[in-house]
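Novice: Same order as they appear, the protein sequences are chains Y and D.
Per my numbering, numbering through the first sequence is continuous, rising by one, with the last residue being 125.
Per my numbering, numbering through the second sequence is continuous, rising by one, with the last residue being 155.
No lab work stands behind these hints: they were computed from the structure.
Values in this document were obtained by computation on a predicted structure and should not be read as measured data.
Keep in mind that the hints are not guaranteed to be accurate.
[Stated by the list, open to error] Ranges of calculated distance between the beta carbons of each label pair, as one might list FRET restraints:
#1 D:L149 / Y:R13: 47 to 57 angstroms
#2 Y:N59 / D:V44: 28 to 38 angstroms
#3 Y:W101 / D:P145: 54 to 64 angstroms
#4 D:P79 / Y:F107: 31 to 41 angstroms
#5 Y:K91 / D:I116: 23 to 33 angstroms
#6 D:K110 / Y:D39: 29 to 39 angstroms
#7 Y:G15 / D:W34: 42 to 52 angstroms
#8 Y:Y57 / D:L127: 13 to 23 angstroms
C-beta: ideal position from N, C-alpha, C; glycine also.
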Amino acid sequence: MAQAANGTLYRGREGMWTWVAHRISGVLIFLFLFAHVLDTALVRVSPEAYNEVMDAYKNPVVGLAEAGLVAAVIFHALNGLRIIAVDFWAKGPRYQKQMFWAVLVGFVVLFAPFAIRHLTIVFTH
Amino acid sequence: MSTTTNYHAGPDAVSAKTSRYRRVSKGRGNFELWSWVFMRASGVLLLVLVFGHLFVNLMLGEGIHGVDFAFVAGKWASPFWQTWDMLMLWLAELHGFNGVRTIINDYTEKDRTRWILKGLLVASALLVLVLGTLVIFTFDPCLDPSSTLSVCTAR
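For reference, chain D alone in the conformation it holds in the complex:
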């Protein structure tokens, strides 16, 4: 046996140099390291943001029954909830994007399949981020001129 034999592994182990699974740098710098760090950091923030979101929308007041246009208008009248939802949108979409990217990398064998799935993933993430951000910051509670919401009748 060559000097690369890994004596700490079992008899069916392959040497680190010939293993199909060794992690070699492909010149992508520390991208995978930072994506790993991002998953943990964003995960902790999302725990607070998403649990807060679920508690306020589903536990307080009338719960799911109270969710309608007026409810959304009431929340987004406040910069606090606009900022909350904006942060949650971006962190959740990027966290999910990165998770699904990992899953695609793990299970696709053909390059073509991998690139098609990643193309769909990128397109869906862009749609969600752009549309979601626009909706939060261009939201108009008085879209309907005959609106009876207090924020509109007070104008």
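Okay, chain Y solo, but in the shape it has when bound:
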């Protein structure tokens, strides 16, 4: 049973769900990094091989996936700062919920201009 005496910091609500989202976004970024290093390595094969793969990526489906990836990066980065604040700032644990909402606000502020810019390029070329 969730009860204060057993510690409820990461049981349910904002604390636990951001922890889950942090793990999922982290794994997603890690898998992408693997693919990203392999496809970039094609610059050592030939300019044609690299350009062919880059051209294959330039379609709306991959463009939307890229936006999703950037969303994962922004969330992971901002929530990472929240984790650091919980760990190192004396009042961090007390304000972890407020900091979760700050992460969401920061996410919208950073992601909205990116999404507009990126999706405009993806859907008009």
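Given chain Y, put chain D in place with the hints provided.
Specialist: Just chain D now, with coordinates in the frame of chain Y:
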């Protein structure tokens, strides 16, 4: 009850000595402490490196549309971007490696499953680090002898 009863915990709490979850040293020194410190330190550096990378590659110029061989050649002609990408590669791969290592430790129950997954993780990290480092520092913009890139025609 024995003297190890934890009176500060709830009625269903178990004593610190009998808990399955107590953290006991297995002679690994301070490895887990340093890995915890590394996650925070590398995380802050990666925030700057990755946001800079995304801004320059996806927001400036033609954005994703401008990413091709010539774009990469232009960036890696500069030691600044070579160093930037090298730092980002190593910090991101080690940060991700450590994160996935933690996740494997948390969710695998059988030793065999854990070692197989960790073996795959180590192999993929080595591949990414070695290949990525080689590519950044052995990159040749004039790989194609008939290249029309300015850096090649000027030679």
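Novice: Run every hint past the structure and note whether it holds.
Specialist: Hints versus structure:
1. D:L149 / Y:R13: 47 to 57 angstroms: Because 55 angstroms falls inside the window, the suggested range holds.
2. Y:N59 / D:V44: 28 to 38 angstroms: About 35 angstroms separates the Cβ atoms of Y:N59 and D:V44, which means 28 to 38 angstroms holds.
3. Y:W101 / D:P145: 54 to 64 angstroms: holds (57 angstroms)
4. D:P79 / Y:F107: 31 to 41 angstroms: holds (34 angstroms)
5. Y:K91 / D:I116: 23 to 33 angstroms: Given a distance of about 43 angstroms, which is not inside 23 to 33 angstroms, the answer is violated.
6. D:K110 / Y:D39: 29 to 39 angstroms: Hint holds: Cβ distance 34 angstroms, inside 29 to 39 angstroms.
7. Y:G15 / D:W34: 42 to 52 angstroms: violated (25 angstroms)
8. Y:Y57 / D:L127: 13 to 23 angstroms: With a Cβ separation near 21 angstroms, Y:Y57 and D:L127 satisfy 13 to 23 angstroms, so the hint holds.
Consistency with the previously given hints fails for numbers 5, 7, ordered from lowest to highest.
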